[in-house]
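Visitor: Once you've looked at the hints, dock chain H against the given chain X.
These protein sequence lines are chains X and H, in that order.
Sequential numbering from 1 applies to the first sequence in the working numbering.
Sequential numbering from 1 applies to the second sequence in the working numbering.
One should not assume that every hint holds.
Identical copies go unnamed one by one, so any copy, or any two together, can satisfy a pair.
To be verified - Here are the computed lysine to aspartate or glutamate pairs in the DMTMM-like style, where the Cα-Cα straight-line distance is at most 25 Å:
#, residue 1, residue 2
1, 223, 97
2, 331, 119
3, 220, 97
4, 289, 21
5, 289, 324
I should point out that these hints are in silico values taken from the structure, not numbers from a laboratory.
2 protein chains.
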Amino acid sequence: MSSQAPHPTLLIPGPIEFDDEVLQSMSHYAESHTGPGFVKTFGETLTMVRKLFQSTNPAAQPFVVAGSGTLGWDMVSSNLIEKGENALVLHTGYFGDSYAACLQTYGANVTQIKPAIGDRPSLAEVEKALKEKPYKLIAMTHTDTSTGVLNDIKSVTELVRRVSPQTLVTVDGVCSVGCEEIAFDAWDLDVVLTGSQKAIGAPPGLSISMWSPRAIETVKSRKTPPSSYYASVLNWLPVLQNYENFKPSYFATPATQLVHALHTSLSQITSRPMSERFAIHAQVSDRVKAAVAELGLTQLASKPENQAHGMTAMYLPEGLAPTDVLPGLLKRGVIFAAGLHKEIATKYIRFGHMGVSITDPKRKDVDNALAALKEALAEAKQAKGL
Amino acid sequence: MSSQAPHPTLLIPGPIEFDDEVLQSMSHYAESHTGPGFVKTFGETLTMVRKLFQSTNPAAQPFVVAGSGTLGWDMVSSNLIEKGENALVLHTGYFGDSYAACLQTYGANVTQIKPAIGDRPSLAEVEKALKEKPYKLIAMTHTDTSTGVLNDIKSVTELVRRVSPQTLVTVDGVCSVGCEEIAFDAWDLDVVLTGSQKAIGAPPGLSISMWSPRAIETVKSRKTPPSSYYASVLNWLPVLQNYENFKPSYFATPATQLVHALHTSLSQITSRPMSERFAIHAQVSDRVKAAVAELGLTQLASKPENQAHGMTAMYLPEGLAPTDVLPGLLKRGVIFAAGLHKEIATKYIRFGHMGVSITDPKRKDVDNALAALKEALAEAKQAKGL
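Pulled out of the complex, with its shape left as it was, chain X reads as follows (with noise of 0.2 Å):
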């Protein structure tokens, strides 16, 4: 049992549900940011992060910053982007579209290829596109929060490697590091960056990425300047790699005790093979997936291989909206989210299954949510006439 106040169980594709030590990790007492206790807790990380990415490559490089999952792009943008420079964006909801944007502040000429709702680019409309002219980088969302769909990033990349070798593959793993597989080295991704609070489980605040040799050499490369200060991988990186060798080192202030809390958090996900937490994910993935089914709604993501593995987004019965829906929920313990594609919003609802929720078997956390949902939507269609 959680030691935790009683609350409703927060099951949105993210922030998730706390493990208690990875809570109480953050009330460590003060520490000097660049003392050995900490520079020791933090070098540990780093190294973390590496196995997380399972990534063994020393020249591959773990950035932990205290920022948004959404920095990440600024990073990413700032140091891989030059003025004028191509960007392929691969849309699949709305962090497509922002991703974009991020990358237009720095100047990139951005092309996006944007299939229907639910839909990811096929590799022929990638292949097509990356012929047309020569891209800087190939951004994607591995699991877009906003839709629930999937981008095979692995294929995309094998793709990017035999028609444009010198494209970078940037990926936007906010909503899949910790819960989709992701061999960074074997499948020669360049960026995958993330955030604290999805599956890896510790609170929000961090954020989180791994570079490739190549993006590094990119940046140290390049003709101008990063074109961010803050997010500057030249920065950062002398910085990091001290600490990772227990050597102090000052940029700026790390978020110490967010980093006491990665720290237990990666310990606990690496103590055990990645492949397993990626197979239990999937297995209850599949079981919501089959349950929504089972209660006759249909998901946003229209095939089973576009279907993300850490959240399910589903549409609701005609005549119902989330307002009606996630009071009900609420009122059994379950946080659901609302729909976040704009075209969309009011039509579906989106349930994220990650991390402790799932790895924990003490937790009943989606046998309840399923049972609530079934419901709620009972309650909300009576109490609509439907």
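Guide: Chain H alone, transformed into the frame defined by chain X:
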């Protein structure tokens, strides 16, 4: 007595010791960043930031963004500077150079006034510079953490309004907000930025700033869009205004647990008149500075009016380095910081006296630190045969 595990007292110029209640408030159970509970907490926090800055002008705008204090420089630079505009930096230590580097990253043409170490630019020098060319903004560190030198931000702002009224006055208050007097409206400041981890006493990881209507209007009337995405005032403004009106809104996920800690800390701070808080920090600072003088040590800050009230940077006796003295302090349960100003880093140490170590009458942190300093110095001198 603190409920925290036994530990040496952290008396560096930030991060500082935690109040138990502040530390424990991070253990709040997981909440949706757009749910009513967190929306209320965040909205109240923003309103308390106004009080922290003694601001009652509803058109002034508080910002609380996940990130280090350093991110505040990016907010100033990317929102207020357009390429090629002039910025005047009043250098009082390490952070003047860094603030200048950030401004340059976003296209500013920077002029620095650099006095001798321990001094601050005189009003006459600032007036002369302001008359030489039009400056879009002036940038100064209120207390430079590397030297303990205090800029007279009130007098500088009066001067700017008289000589160059269109110039925006921006202040790095990372080491001053919460311990030095700041009257945001009355002094007609434009931006004061800070971090959560110094005199405010919350954990590191939040960039906090206050913006005047003049500064906000400057951003809104830019010829080019802000040159950062994550640090864009235009991206955050509607979201923070909504939160303060208790309406959910989204740009990037706030650091929910840190916001809880900040809420608790600001509730404590604003429950008493700010003048009382400034007075007690000044009293304790006077006591520290008298004790340091009695030990025969000289401060970096050359004159009483240049000396900050939240920290003291002191030269060690000839022949002693920080590594000779800091271990002796640690042995006595006290952590001070080594020097940070590159040219003289091995010649001095820094003592932070801010927050709960000053305001909690049950703690004897300053007395203990002064006693430990006396003993550690004597021990180090003896070991060196001085």
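Visitor: All the hints need checking, so say for each whether the structure fits it.
Guide: For each hint, the structure was consulted:
1. When the C-alpha separation of residue 223 and residue 97 is checked against a cutoff of 25 Å, the pair qualifies only between copies, where the shortest distance is 23 Å, while the shortest distance within a copy is 27 Å.
2. With identical chains, the CA atoms of residue 331 and residue 119 are never at most 25 Å apart, being 33 Å at best within one copy and 63 Å at best between copies.
3. In this assembly of identical chains, the alpha carbons of residue 220 and residue 97 lie at most 25 Å apart only when taken from different copies (22 Å versus 28 Å within one copy).
4. Taking CA atoms no more than 25 Å apart as the test, residue 289 paired with residue 21 passes in neither setting, with 30 Å inside one copy and 42 Å between copies.
5. In this assembly of identical chains, the alpha carbons of residue 289 and residue 324 lie at most 25 Å apart only when taken from the same copy (21 Å versus 64 Å across copies).
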